[in-house]
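Since chain A is already given, all that's left is putting chain B on it; use the hints.
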Amino acid sequence: MTENYAWAPDIYDVLKDLDVRQVAYVPDAGHARLLKMCEADNAMRCIPLTTEEEGVSLAAGAWLGGERAVMLIQSSGVGNCINMLSLSNTCRFPLFMIVSMRAQWREFNPWQKPMGEGTRPTLEAMGVAVTEVDDPDAVGETVRSAGEHAYGWPDMSAVLLNQKLMPVKTFGK
Amino acid sequence: MDVQRADNYELLRREVAKTLLVDRDDDFLVVTGLGSPNWDATAAGDHPLTFPLWGAMGGAATMGLGLAVAQPEKRVMVMTGDGEMLMAMGSFATIAAQGVENLAIVVFDNERYGETGMQATHTAGPVDLVAVAKACGFPVAEQVKTEAELQTILPIIKEAKGPVFVDIKVKTENLPFILPTKDGVHLKNRFREKLLGPDSLL
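Order-wise, the sequence lines are chains A and B. For reference, each letter of the first sequence is one residue, going 1 to 173 in our numbering. For reference, each letter of the second sequence is one residue, going 1 to 202 in our numbering.
Chain A on its own, in the form it takes in the complex:
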């Protein structure tokens, strides 16, 4: 576990280097510090979604218009994206997702299990390249590699932030 999400500024720095302008998200505690940094940045537009699939089509529209978008979502939200990923896949739109994981390490809530375990196979079934990271010192460069892949090829690329990177959530127990 990493106190205070010390790796969050590393992701922010990479998003700046990659010139990401649209930050689409359904919030998760794992992204809270990073989101605060993005919200404080006038060159980034933070776009809260009602459901994660909106972010997939939003990112495609951003690319049509010459901007780069990133999605910050939780593992449970990956399931909400499945059919919409056909847009990125068929048209080779870049899609860059940073996914905070649940149901991995000291998970309290068993309702997280199905989608937590299904996150990687679901993404891979739809053609998304998946890289997982659990070392706080490797988060930044993992995100850089995946982002360069997404925007440079272009392709669909997801980084899974292992639950070991987050404080344990115990719901007050």
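Hints may contain errors.
[As the list claims (entries may be wrong)] So, partial list: chain A residues that the calculated Cβ filter (under 10 Å) puts toward chain B:
(1) 89
(2) 130
(3) 131
[To be verified] Derived lysine to aspartate or glutamate pairs resembling DMTMM-like cross-links, with alpha carbons at most 20 Å apart:
(4) B:74 x A:155
(5) B:188 x A:107
(6) B:18 x B:159
(7) B:171 x B:199
(8) B:158 x B:2
(9) A:113 x A:67
(10) B:158 x B:147
(11) B:194 x A:67
(12) B:194 x B:25
(13) A:169 x A:107
(14) A:173 x A:67
(15) B:188 x A:67
[Stated by the list, open to error] Not close to chain B: a few residues of chain A, all C-beta gaps over 12 Å, as computed:
(16) 24
(17) 47
(18) 53
(19) 65
(20) 67
(21) 93
(22) 121
(23) 149
(24) 168
Please keep in mind that the hints were generated in silico from the structure rather than gathered at the bench. A virtual CB, placed ideally from N, CA and C, is assigned to each residue, including glycine.
Then chain B, alone, in the frame of chain A:
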């Protein structure tokens, strides 16, 4: 549900598409939803700055949002169907919360799922997409049923401070398919080349 009502609407979707798309310039960017709005836009004249969706149901409105945010100096029109927009109901909230002034969402509302056997959609019943848009905070949300109303709404779609939502009630019709290319990579690249220049493909 009133499954006969749309048989008697005055406006014809192919004519509406022509009215919306005639005399367009390169500052007018269009995303169409899958199915009939795609064929309508193609019948009105294929254009590199039209991105016609062949799938991704529920994605047209937020695709328009991403484009409108990226291109604040251009006007973006999403042209889609009632079934596609019903799948994107949350997008009304997402778009209104962003307050994008250069985006117009136009629904061709025939109260049917036209590609799958003309089953009634929710708008054949009590569902009012204009009321949804208003409740979400769209500053402009109007319904259009006549040619005169269509002429009045045109400058609003093209220029009013948005986000704009317009629900155009169109007659239920079975029309011939007029298809654009279905090569998504080509559709994407031709759009970017026209809008951003050839270097955008490097």
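May I ask which of the numbered hints given earlier this structure violates, with the numbers listed in increasing order? As far as the earlier hints go, 2, 3, 4, 5, 7, 8, 9, 14, 16, 17, 18, 19, 20 and 21 are violated by this structure, in ascending order.
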